[in-house]
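Chain by chain, the residues:
There are 2 protein chains.
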Amino acid sequence: MISIPKSMTDTATQPLTIKEFLKLPETKPRSEFINGKILPKPMPQGQHSLLQIELCQAINRAANPNKIAKAFPELRTTFGGESIIPDITVFRWVNIPIEPSGKIANRFNLPPDWAIEILSPDQRQTKVLRNILHCLRHGTELGWLIDPEEESILVLDATQRVEILSGTSSLPILKGVELELTVEQVFGWLTLG
Amino acid sequence: MISIPKSMTDTATQPLTIKEFLKLPETKPRSEFINGKILPKPMPQGQHSLLQIELCQAINRAANPNKIAKAFPELRTTFGGESIIPDITVFRWVNIPIEPSGKIANRFNLPPDWAIEILSPDQRQTKVLRNILHCLRHGTELGWLIDPEEESILVLDATQRVEILSGTSSLPILKGVELELTVEQVFGWLTLG
Numbered sequence: 001m002i003s004i005p006k007s008m009t010d011t012a013t014q015p016l017t018i019k020e021f022l023k024l025p026e027t028k029p030r031s032e033f034i035n036g037k038i039l040p041k042p043m044p045q046g047q048h049s050l051l052q053i054e055l056c057q058a059i060n061r062a063a064n065p066n067k068i069a070k071a072f073p074e075l076r077t078t079f080g081g082e083s084i085i086p087d088i089t090v091f092r093w094v095n096i097p098i099e100p101s102g103k104i105a106n107r108f109n110l111p112p113d114w115a116i117e118i119l120s121p122d123q124r125q126t127k128v129l130r131n132i133l134h135c136l137r138h139g140t141e142l143g144w145l146i147d148p149e150e151e152s153i154l155v156l157d158a159t160q161r162v163e164i165l166s167g168t169s170s171l172p173i174l175k176g177v178e179l180e181l182t183v184e185q186v187f188g189w190l191t192l193g
Numbered sequence: 001m002i003s004i005p006k007s008m009t010d011t012a013t014q015p016l017t018i019k020e021f022l023k024l025p026e027t028k029p030r031s032e033f034i035n036g037k038i039l040p041k042p043m044p045q046g047q048h049s050l051l052q053i054e055l056c057q058a059i060n061r062a063a064n065p066n067k068i069a070k071a072f073p074e075l076r077t078t079f080g081g082e083s084i085i086p087d088i089t090v091f092r093w094v095n096i097p098i099e100p101s102g103k104i105a106n107r108f109n110l111p112p113d114w115a116i117e118i119l120s121p122d123q124r125q126t127k128v129l130r131n132i133l134h135c136l137r138h139g140t141e142l143g144w145l146i147d148p149e150e151e152s153i154l155v156l157d158a159t160q161r162v163e164i165l166s167g168t169s170s171l172p173i174l175k176g177v178e179l180e181l182t183v184e185q186v187f188g189w190l191t192l193g
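Those sequence lines, one after another, are chains A and B. Under the numbering used here, the first sequence has 99 at position 99, and the numbering climbs by one with no breaks. Under the numbering used here, the second sequence has 84 at position 84, and the numbering climbs by one with no breaks.
So here's chain A without its partners, still in its complex pose (with noise of 0.2 Å):
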């Protein structure tokens, strides 16, 4: 069950600036602001739910330790005139925005470093992409799509240079994590042992 209100995403009539967005309060499932309009994202199911924790896990327990960078799932991060969630985002350390206490802050305004979004069974392929290239045209450098049914990834560089892997493919990671990752190991975390 959707429970945005109805006035939040009858922006025909009462078109929301960013700023107006932002002071909304979070829905569930949560919503993004994109091309000045507010769009649900589909709710999570298990296969998605599944990888976006292992891969988060994965980035982690190599990017942790020596302070690289960090990978937070459903992390909004606005910029550019939208309100994003990617599946997931990963910053490098030096980039996560830090409070004057010192804790991490609330509000991500910037792009991720890396930004990975997973597909949902009947999601659109475009705009899931799109948001991708938002963030690419951005600063993020490295972006992926993982699409759980074909059993690929589409990989996107900087420059907005498009792969697509699978098998045994060495999947490209965030340049100074060190971590080696198939395809295949990938969509293996789906079969629990």
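Warning: the hint list may mix true and false statements.
[Claimed, not checked] Here are the computed lysine-lysine pairs in the DSSO-like style, where the Cα-Cα straight-line distance is at most 30 Å:
hint	chain 1	residue 1	chain 2	residue 2
1	B	127	B	19
2	B	175	A	127
3	A	127	B	41
Because the hints were derived from the structure by calculation, they are not lab data.
Got chain A sorted already, so can you dock chain B onto it with the hints?
Only chain B this time, still in chain A's reference frame:
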């Protein structure tokens, strides 16, 4: 109804070479030979067919009179170990294979100069994008992936750089073809006057 005999799709027990595949009779819907597997194309529906013919016509109106290029719907092209049928292939005039008799060849064993795919409802975008990347890796200069549901067009250049265009954005056209088209104009064809 898919009319492909079970034996044709049952590649697990009976792997085919591309040579053997090409000897098989054409099916309805037609089949592509991709990555060693026979995959049926979806049966085209109304919107798909209309975009296909309108775009072919627009390209041919611009590119035929001066013998610059020719657009073909549903033409089988075989190269790089695959045999695919992009929804539209555009060949520069000088690249169109000609038989000794002077007639156009039946077999096109070369990549198109411009490959266009139109996403069908429920078709997996990754599969279609993979076909376009296969073309670009073998010398195709320009790829379009038309998404009627999103009213947007993914455009890929020879370096596999991807952009998503929508609304009043001008579409990049095969060099030398004098045609100006916006995304809006393309989807405008869906509304019969």
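Discussion item. Tell me the numbers of any earlier hints that the structure contravenes, in ascending order.
Written reply: none
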